[in-house]
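Protein chains in written order, with this note's numbering: chain A, 1 to 159; chain B, 160 to 406.
Just so you know, the hints here were simulated from the structure itself, not pulled from any lab data. The structure displayed is predicted, hence computed values, not measured ones. Here a beta-carbon is modelled for each residue, glycine too, at the ideal position from N, C-alpha and C. Errors might be hidden in some of the hints.
[Unchecked claim] With beta-carbon atoms standing in for the labels, derived distance ranges:
{"hint": "1", "chain 1": "B", "residue 1": "Lys284", "chain 2": "A", "residue 2": "Gly134", "range": "46 to 56 Å"}
{"hint": "2", "chain 1": "B", "residue 1": "Val319", "chain 2": "A", "residue 2": "Asp3", "range": "46 to 56 Å"}
{"hint": "3", "chain 1": "B", "residue 1": "Glu349", "chain 2": "A", "residue 2": "Ser126", "range": "25 to 35 Å"}
{"hint": "4", "chain 1": "B", "residue 1": "Glu222", "chain 2": "A", "residue 2": "Asp3", "range": "26 to 36 Å"}
{"hint": "5", "chain 1": "A", "residue 1": "Ile130", "chain 2": "B", "residue 2": "Val250", "range": "27 to 37 Å"}
{"hint": "6", "chain 1": "B", "residue 1": "Pro310", "chain 2": "A", "residue 2": "Gly112", "range": "54 to 64 Å"}
{"hint": "7", "chain 1": "B", "residue 1": "Lys179", "chain 2": "A", "residue 2": "Asp3", "range": "35 to 45 Å"}
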Amino acid sequence: MGDLMALDLKTFVVGSVEGVFDTMLSMEASVSQADGFPGLSGERIVGTVSFAGQVMGNISLQIGIPFARRVAAAMLGMEDTEIESQEEVNDVIGELSNMIGGDLKSRLCDAGLPCQLSIPSITSGSDFKIESRGWVRSERFVCANQGQSAIVEIFIKPA
Amino acid sequence: MTLKVLSIDDSKTIRMIVKKAFKAFDCEVFEAENGLEGLTLAGKVLPDLIVLDITMPVMTGVEMLEKLKADPALRSIPVIMLTAESGKDNVLNIVKMGVQNYIVKPFKGEQLIERAQTVIKLETKVEEGPTEDASARYFSLEGNVQVLTLPAKIIRPVVVEVENLLKIKVEEMKKGGLNRCILNLTGVAETNVSLIKLIITILETCQRSSIHIRVVGTATLSTELKSFQETSEIPIRMTIEDAMGSF
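Just need the whole structure built from these sequences, with the hints factored in.
This is the structure:
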């Protein structure tokens with residue numbers, strides 16, 4: 001348990017998110033602790049990956065539809081108006097969650113906490129709330145770009 | 160000779176990125192959503208390279224790779240593994256599987272091409288020039304003035320086509336001694352980022368080639384263009400006749 005409490009999750013998550021946004025989207029993401037952030041409302045998508053092994057948990061990327069479309073367009077090298085379906089946007093968000101989760105999982109493994117990653121899942125809608133319980137640690141971050149924000153949340157506990 | 164690349168990933172996004180990366184090369188990209196589909200397709204098309212994700216439903220990349228290596232007809236096909244995990248243990252496992260190369264997500268298309276070039280010889284695709292029909296869709300001659308008319312909706316394929324055609328048309332104009340051009344935006348129905356970027360490209364291309372250019376558009380478009388910093392200072396004429404008279 002001591003190992004988990006000593007983990008520098010902030011550095012892990014900031015590094016993962018900024019790296020993914022820079023490499024895949026050529027976007028500068030400003031990632032900070034979400035203290036006082038009111039949360040997202042309206043139609044949004046959540047991409048989640050779970051990990052299990054010596055440490056268990058999940059990491060989710062929650063993003064409003066307009067930002068998600070802009071991110072999808074950037075990832076696919078298109079204009080926002082060229083995105084043909086919501087399915088394309090969902091797939092992009094799922095893949096971003098996978099990359100962020102994968103990088104985080106690598107950092108956990110290198111920190112002596114081996115685990116396996118699940119495939120990403122997608123939830124979308126407007127009237128829902130994400131709650132996770134029973135975790136030893138949870139952290140919430142805001143990822144901002146050009147006035148739009150996404151939330152990255154991580155929950156972990158020992159096996 | 161056109162090389163065959165097989166992209167196997169449950170993410171359509173990644174398959175699109177892989178396809179886009181190889182677009183500039185003489186390659187045909189085949190796609191599969193999981194290891195089982197990938198194995199079947201590999202047997203049919205005998206690709207020159209496989210780009211293989213690790214974590215997939217139905218059959219993982221590792222499972223597929225084992226079956227690939229066990230098949231005499233397929234075992235020598237070079238494989239580049241895609242993985243979202245960069246940890247030491249994961250890398251060691253990949254190397255133990257005899258994989259020539261791997262890429263950790265996130266990755267840029269150029270990085271994938273760089274890795275691919277270590278295992279196969281990629282040839283740049285010879286671009287076919289735009290056809291006369293394509294040029295006639297956009298360009299017309301009014302006396303000694305070249306008129307470039309943009310369509311209602313400006314999307315990426317239109318931008319690419321117009322930019323390519325414009326380069327050819329500018330050379331033709333120089334050879335023919337023409338140095339006047341009208342950019343006709345009266346048919347454009349929607350102002351978007353692609354349109355703004357295309358207008359700037361057209362103006363800059365003409366300026367570099369010492370071609371005098373006038374822009375024609377509707378009052379609505381003129382107002383909309385003023386709200387973008389890049390196009391706010393461009394004078395917009397309301398008719399082709401106005402533009403002709405201003406030369």
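Against the earlier hints, flag every one the structure doesn't satisfy and list their numbers going up.
-> The structure conflicts with no hint, since it agrees with every one listed earlier.
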